[in-house]
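Chain by chain, the residues run as shown.
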Amino acid sequence: MLRVTFKGLFAHKARFFLTGLAVIIGIAFLAGSLVLTDTIKQTFDDLFSTVYKGTDVAVRSRNAIKQPFGGADLRPSVPASLVEKIGNVDGVDQEGGKPVAFGQLTEFSAQFVNKNGKSIGHPGRGAPTLGFIWNPFPRLSPWRLQPGGHPPEANNQIVVDAGVANTGNFKIGDRVSLTFNSGPVTRATYKIVGIAKFGTADSPGGATAAIFTQAEAQRLNQKEGRFDIITVAAKPGVSQEQLARRVRTALGNPAFQVITGAQLTKETQNQIERGLSFFNTFLLVFAGVALFVGSFIIFNTFSIIVAQRGRELALMRAIGASSRQVLGSVILESLVVGLLASAVGLGVGVVLALGLKALLAGFGVKLPAASLVIRGRTVVVAMIVGTVVTLVAAVFPARRAARMPPIAALRAVASDTSGGSVIRIVIGSFVTLLGVALLLTGLFASAGIALVGVGAVLVFLGVAFLGPVIARPVSRIIGWPLSRYRGVSGNLARANAARNPKRTASTAAALMIGVALVALITVLASSTRESIGAAIDKSFRADFIVSGQSGGPDQGFSPALGKKIAALPQVGATTALRASQFEIKGSGQLLFAADPKAVLKFIDFGAVKGHPIRELGPHQIAISKDVANSHNWKVGTVLDARVQTGREKLQVGSIFERGTQQGLGDYFVSLDAFERFYENQIDFNVFANLKPGVSAEEGRRAIARVADAYPSAKVQDIAQYKVSQESQIDTFVNLIYVMLALAILIAGIGIANTLALSIVERTREIGLLRAVGMSRPQLKSTIRWEAVIVALLGTLLGLVIGLFFGWAVVKSLSSQGVSEFAAPGGQLFVIVLIAALLAILFAYFPARRAAKLDVLSAISTE
Amino acid sequence: MSAATPAASAPLTKTAAARAIEASKIYGQGEAEVRALDAITVEFEASRFTAIMGPSGSGKSTLLHCLAGLDRVTSGQIFLGDVEISAASEKQLTLIRRDRIGFVFQAFNLIPTLNAEENMTLPLALAGRKPDPAWFQQIVGTVGLADRLKHRPSELSGGQQQRVAVARALISRPDLIFADEPTGNLDSRSSGEVLSFMRDAVDHLGQTIVMVTHDPTAASHADRVVFLADGKIVDEMSSPTADGVLDRMKHFGE
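These protein sequence lines are chains A and B, in that order.
Those letters in the first sequence? Residues 13 to 874, by the working numbering.
Those letters in the second sequence? Residues 25 to 278, by the working numbering.
Don't read these hints as lab results, they were simulated from the structure.
Note that the Cβ used here is the ideal one computed from N, Cα and C, for glycine as well.
Possibly wrong hints are sitting among the right ones.
In silico DSBU-like links for lysine-lysine, alpha-carbon gap of 30 Å or less [said to hold, decoys possible]: (1) A/Lys637 to A/Lys823; (2) A/Lys609 to A/Lys621; (3) A/Lys792 to B/Lys174; (4) A/Lys203 to A/Lys53; (5) A/Lys597 to A/Lys609; (6) A/Lys734 to A/Lys864; (7) A/Lys864 to A/Lys514; (8) A/Lys613 to A/Lys646; (9) B/Lys154 to A/Lys576; (10) B/Lys256 to B/Lys274; (11) A/Lys514 to A/Lys613; (12) A/Lys792 to B/Lys154; (13) A/Lys597 to A/Lys78; (14) A/Lys864 to B/Lys274; (15) A/Lys514 to B/Lys154; (16) B/Lys274 to A/Lys792; (17) A/Lys703 to A/Lys609; (18) A/Lys97 to A/Lys183.
Listed next, with one range per pair, are the computed distances between beta-carbon atoms [to be verified]: (19) A/Ser441 to B/Ser181: 37 to 47 Å; (20) B/Gly81 to A/Leu849: 45 to 55 Å; (21) A/Leu849 to B/Gly216: 48 to 58 Å; (22) B/Gln116 to A/Leu327: 38 to 48 Å.
In silico negatives: residues of chain B with every beta carbon more than 10 Å from chain A [to be verified]: (23) Arg122; (24) Ile135; (25) Ala158; (26) Trp159; (27) Phe160; (28) Thr166.
Next up, chain A with everything else stripped away, as it sits in the complex (with noise of 0.2 Å):
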């Protein structure tokens, strides 16, 4: 038996390959998903074990405020004097009769312009551009003099990376211009004095680096007097904890606290690896969905060649073998398909991680050249994931092949025609309404995102559960223009489609999936859009809007620039909006911050309960109706705030109507109570009206001229502002369809082997059909047109769940300010043009071999 079943796969090369190919696919797409992620965690944890290995103990500000989407928490600075007061402490070591403590502020936006006066580099895109402040013992810092440098001594000297000193052609001794987009100073000249290599790369992870002094990084920052973080190096015999210890006593403030080197390493590491399991996530569940499409593929080849094998089958019990001995075989068969193919998957997607690795390096993401990191991990999960998939999907098949019976060898082989029976209607029809009732529960009852998984899995398999049962009508009246217009081929193809519902269900099946999400993808994109568009018609109105060039609230440029818009003699209103992270209840969220007395200019608040906004007092908030009615708070009541500065009081002053659902905030202050809560002030929007009298052309002039100084400001009219603030998720949308175009990939494969395999089976059908004067381009496009029938099959099934998938999520979150329901019919028959063009395209070659196929020996095979 075990020879016959590698006879078998050995026969059939081609097929298994195919069927494999789809299980390749995934497990690449798996194992190279996770040997990136291993390989960029590698890099990062080595390179802060290696940034903070001299440092024994850290103190900062123990104020720290939750960022809402779980980025970097805000924390105050601390006062320079610290830095003498830590020295002093017993137990810290000396250099060259100074105590090892230093004090360091949080790396800063400081952007290299080259000789031709372009920038190097993009804050918000690509690899970031930062500032550094000279640290000048070397235990402390990662950064390493290369000879013939020396350290900046004067405030208008720097060290750069040697990353951008290659890139940017400087050497040392250059004059240097650098952009600010924050504090007073937006563009200063250096004197290059050294150039630094980081530990033993040329760069921060393709970051560009320029190390200032600290007088200097102090004024940039506006932070003068101040530290963010002051590192320190314990005597050698004191321990990491000892050190730390003193510290804390010494400085007795609570308001100061006092880490380990351990501590801030594990900290940093952690971090990034909290941002590399939204990384990792998102290309798994890709992973996932390529798989779960193959598995469709792979339950469907082995479906027909046990159709097909059926007389084989049956001969071999009428021979004797037990039932028990064929099941064997076919699972036998799949295990050597599943093991075979996760053996490649994985060898394919080591290869993939190294192409992304590229591919990241391109976009400036340069990781150090270490090796790729493949744990034993990745191995055992690739081979079981596909190895399992490959199993589960050929044991229905095999048991219908284990219950052939043996007489069956002496019938013909009778394809399966048969459709719909009434426990098919029911269980695909309760396994599809449990989903959809999952689906619901998981995205309105807030239960959790994979509550809403399993119930999209569970929508997939019932609707491809109940597939055969509406596979033979809507086939039918898919392919009823196809006979209409397209004569016998049409016909032909029409009723080939619905010849073996089964087969064609579950073929259009794994389209349905990759078309499902596509339609899922691109209504939301869309309603997002049109949300974003509908709020700014609604609550948005200016002249002008400068934003920063990422335009959300982390990029944005100096509130010097507001006051020179504010002063030109074309412009009347204005105002600055700021955005920063402070937490209420103990969550983070983000508050905002615009000059009341002109804002209502700018921006409709909608119906205001309590005092008006434009009477906002410093130590007043206005909240939106929603938060309000969430937590009950009135005009009036007295909430309690953390900002970067400390604990705030601040009373309720007025209620608006429109928060976050219309695409405003909840929390707005004014400009006054910002600037005492935050250090840094960077606007990420100046709003302004023209004078009356003043042309548009004459004012965006005069704008554009005071904002030229600034590289990171924008300046836009309301209509350049939607259109960019609407096309902000196109790259993000754009990066999901090429991971989707994988699963559509792999439903195309899955055609071109059902084709294939339905061929093998009709070899004597054609044979007669080409006798009779069926033409090759005839039968040809026979193929194609039925590959076009089983893909539309597949795609309107596909469309139908995406869009209501579209709708389900959008209506969930109505409360993040997704207001609109969009389904762009345009779009949507691309998809639809796009599945029928993958369908010829990849009925090519069925359609080639069944066309080459002797006349002759085809009418006489067996």
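Once you have looked at the hints, place chain B on chain A.
Chain B in isolation, oriented as in the chain A frame:
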């Protein structure tokens, strides 16, 4: 009507519907060489029913396949009317098969996804033509399946399926119908039905039929029997009877 119709389809001149001239078909090379056809020269007259007989391996099926343009001769010429099909391209052969030749095979003659009517009109549909309604009605009347036109092949008996196959061969009014053991899979009653239908097609519709068979009774329905052995024509007989054919066959049997 039956007198007018053949005049339209059959050539008036008494030229042959098909001819083979010095036709040879050789498989393999050297020691393994097999001469399936050995320089055969034979003519098949129009509006006649000819049977080709011979023991297994005599080359009768090869001859039929070569005459029908399904297979190519190694040397010599094959003519269908005035057209030399041994020199035609694959594309031309497809058109010739579609427009000028009808086929009936031993089994699996019909496309399972098409009903009886669609199967009958398949060659016309492939050519993008509509059947002549009068002609179609006449064939359906002769074939005797007027009430089964919408049935799928799986819903028809073996004899009915073969009659549909003959009707399909007739529908495009081909110059020639080739039948390869058309009754090989049928019981004697169904065989009789199919053979009388073919006989009718020759007598009343003026059709030319060449049939390969090894059944003397089937051969007795033909106007003429050609006997093949070892790739050569060894004998022939006009107006055969079953006994006469059987008698003759015994001579080459050994």
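Quick rundown of the hints versus the structure:
Restraint check: the Cα-Cα separation between A/Lys637 and A/Lys823 comes to about 19 Å, which is no more than 30 Å; the hinted pair holds. At most 30 Å may separate the alpha-carbon atoms for a hinted pair to count; A/Lys609 and A/Lys621 meet this at roughly 17 Å. This hinted pair checks out: A/Lys792 and B/Lys174 have alpha carbons roughly 27 Å apart, not beyond 30 Å. Straight-line distance between C-alpha atoms of A/Lys203 and A/Lys53 comes to about 36 Å, which puts the hinted pair past the 30 Å bound.
Under the criterion of a C-alpha separation no larger than 30 Å, the hint pairing A/Lys597 with A/Lys609 is consistent with the structure, at around 29 Å. Of the supplied pair hints, the one linking A/Lys734 and A/Lys864 is violated, its CA atoms being roughly 57 Å apart against a limit of 30 Å. Among the hinted pairs, A/Lys864 with A/Lys514 is consistent with the structure: their alpha-carbon atoms are about 28 Å apart, no more than 30 Å. Between A/Lys613 and A/Lys646 the CA atoms are separated by roughly 26 Å; this keeps the pair inside 30 Å, and the hint holds.
Of the pairs offered as hints, the one joining B/Lys154 and A/Lys576 is violated, with about 83 Å between alpha carbons and a cut-off of 30 Å exceeded. For the hint linking B/Lys256 to B/Lys274, the alpha-carbon distance of about 17 Å falls within 30 Å, and the restraint holds. A C-alpha spacing of about 63 Å is found between A/Lys514 and A/Lys613, which places the hinted pair above 30 Å, so the restraint is violated. With a C-alpha separation of about 22 Å, the suggested pairing of A/Lys792 with B/Lys154 holds against the 30 Å cut-off.
Of the supplied pair hints, the one linking A/Lys597 and A/Lys78 holds, its CA atoms being roughly 11 Å apart against a limit of 30 Å. Among the hinted pairs, A/Lys864 with B/Lys274 is inconsistent with the structure: their alpha-carbon atoms are about 42 Å apart, more than 30 Å. Proximity of A/Lys514 to B/Lys154 is assessed by CA-CA distance (about 34 Å); at most 30 Å being required, the pair is judged violated. Using a Cα cut-off of 30 Å, the hinted pair B/Lys274 and A/Lys792 is violated, with the two alpha carbons roughly 48 Å apart.
Using a Cα cut-off of 30 Å, the hinted pair A/Lys703 and A/Lys609 holds, with the two alpha carbons roughly 17 Å apart. Proximity of A/Lys97 to A/Lys183 is assessed by CA-CA distance (about 39 Å); at most 30 Å being required, the pair is judged violated. Take A/Ser441 and B/Ser181: their Cβ atoms lie about 40 Å apart, and the range 37 to 47 Å holds. Separated by about 51 Å at the C-beta atoms, B/Gly81 and A/Leu849 satisfy the suggested range of 45 to 55 Å.
Between A/Leu849 and B/Gly216, the C-beta spacing of about 54 Å keeps the proposed range 48 to 58 Å intact. A C-beta distance of roughly 43 Å is found between B/Gln116 and A/Leu327, which places it inside the suggested range of 38 to 48 Å. In this structure B/Arg122 is not separated from chain A by more than 10 Å, as the shortest Cβ-Cβ distance comes to only about 2 Å. In this structure B/Ile135 is not separated from chain A by more than 10 Å, as the shortest Cβ-Cβ distance comes to only about 6 Å.
Non-interface call for B/Ala158 relative to chain A: holds, since the shortest CB-CB distance, roughly 22 Å, exceeds 10 Å. In this structure B/Trp159 is separated from chain A by more than 10 Å, as the shortest Cβ-Cβ distance comes to about 17 Å. Here B/Phe160 stays apart from chain A, with its beta-carbon at least about 16 Å from theirs, past the 10 Å limit. Every Cβ of chain A is farther than 10 Å from the Cβ of B/Thr166; the closest lies at roughly 19 Å, confirming the non-interface assignment.
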